[in-house]
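Trainee: Just so you know, the protein sequences line up as chains A and B, in that order.
Residues 0 to 319, numbered by numbering that gives the first Met the number 0, are exactly what the first sequence covers, in order.
Residues 0 to 196, numbered by numbering that gives the first Met the number 0, are exactly what the second sequence covers, in order.
Warning: the hint list may mix true and false statements.
Under the rule of at most 27 angstroms between Cα atoms (straight-line distance), these lysine-lysine pairs were calculated in the DSS-like manner [said to hold, decoys possible]:
no. : chain 1 : residue 1 : chain 2 : residue 2
1   : B       : K143      : B       : K157
2   : B       : K143      : B       : K133
3   : B       : K138      : B       : K94
4   : B       : K178      : A       : K236
5   : B       : K41       : B       : K178
6   : A       : K13       : A       : K236
7   : B       : K46       : A       : K176
8   : A       : K13       : B       : K133
9   : B       : K94       : B       : K143
The set of hints was computed from the structure by calculation and includes no laboratory data.
For reference, the chains in residue letters:
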Amino acid sequence: MTTRGVVNHASLFKDRLVTFLFPIGTDSWLTLLRLGLGLQVIFYSLSLRNDWNYLLSGAGGLINRNLAEALLSVESRFTPRLGWLLALAKHVGLDEHIVLSAAWICLLGAGCALVFGFACRFCAILAWFLHLCAAKSGGFISYGVDNFMTIGLFYLMLSPLPDRYSVDWRLRELRPKDPQLLGFWRRVLQLHLCVIYFFSGLTKCLGSGWWDGSNIWRSLIRPPFNIIDPETLVRWKYLFPVAGIFICLLEIGYPFFIWNDKTRKIWLIGICAMHAGIGFMMGMYLFALIMIILNVAAFGSGLVRFRRESPSLRPQEVVP
Amino acid sequence: MRTKYFCVAWFVLHFLVIMSVSCRDTLRSVAEGPTILPRWSKDFSQKAEAIASVALGQDLVVSNPVRQVLATYLHVAGIESGYGYFAPNVPGTYKLTFELHYPDGRIEYARPQVSSTAAALRLTGLLDQIGRTKYDALKEILVKMLAQSVWREHRDVKTIRAEFGSISLPSLTEFQQGKRESYQTLYTYDFSLTQGP
């Protein structure tokens, strides 16, 4: 191949990459993400309302928060944590209980504001920061749902807010500074989900228990996920291998079938149904909700028709 | 146009990191096994995992600024761990029981308590972490903290014996034959409460 040919190919690749990463689209996906994450933050806060201070306090709680923060400091000194807020509050004489309660109220408030789309950017940053502080300071009691909430809130706060269904847009008449990046942030979320499901599916495929269904059985009888009576589960035993293989294929096939217009709907419904099943059958409601929110925002906004949806906020910049 | 180039550069770095973390954790799962892969894949996975860890700066000293910045980015973006939930296989679970000894010879049993179902899920995750941690000292500190939380509810207790064990789940066939989950004690800790545990 000549040098000119290589340059042409490189130029073509660059154009295709830019076209792929910066598609023209509406902000309906951002509306779904904002609304969904707002609800998620509200449910997260409410689900921990009675245990928040107990789980996250220093001395006098379930696990001393300082231990998790000390371990976090070894790894990363700059990751936000509740200890920072407490150190600040100490200067003005506020005690731990008040600061933790205030953090909980602010998180709940940020969730409510996100649902309505009031002060979107500020509330997205506040929700991300406070949730991250709680997740990191309570490192020993964090699990998958915290990771996915951080991912979602991280992308939300970087996305070009506000969207057109928010209070900010409608009443305060605020407009996003970089609307041409709407498609980019959606792509980032879409590709991240593809990576998540591919590796999740791949790791499951490596375990024999997902092929013969025994892992489905174990998942459903493992405390505290054993909310269905095992005697009832035994009656469904022939479904376990099918469900195990179905989950493996659904997850590992996600990055291949979610992009195609013909298979997207089937895959999205399948994935959402799987998460709803996990939520109802294992009691992992928050985990199910965050996964459904991320999926619907990333790939469902074309399927969910918004009233009076117009094609784009602003035309794409012309690539010379 | 400059914004777009900046975004593309960030995108490439962001996904390189995500891929590295995901590959590292998947390889770790293979190395720790058991999986359906042949035995030789374990050695390969261990070596490959080490390479992925190097890419994430984990061979650098902890205080190295590059490692610190990278670790911070992983945490703030929520991408510090892979996505192998309940994979390759669903592990068993753990149980922590406290035996409370009162000065009058009375013995009561207690377990760490939280109010809500959401917090109970997190408590189970904590017990799983205690069970999986390789560091005995950390294990003991965490159990001691949980013992303290129980002691605060039972102030007149003299000593606490903490029994940490694993729960083995029966297979479907075993369950049909009448076998139920079995408990095996892994560690026992005694805490004296003369001045608090």
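Trainee: Determine for every hint whether it applies to the structure shown.
Mentor: Okay, the hints, checked on the actual structure:
no. : hint            : verdict
1   : B/K143 x B/K157 : holds (15 angstroms)
2   : B/K143 x B/K133 : holds (17 angstroms)
3   : B/K138 x B/K94  : holds (13 angstroms)
4   : B/K178 x A/K236 : holds (16 angstroms)
5   : B/K41 x B/K178  : violated (33 angstroms)
6   : A/K13 x A/K236  : violated (51 angstroms)
7   : B/K46 x A/K176  : violated (46 angstroms)
8   : A/K13 x B/K133  : violated (47 angstroms)
9   : B/K94 x B/K143  : holds (15 angstroms)
When the structure is compared with the earlier hints, violations turn up for hints 5, 6, 7, 8 and for no others.
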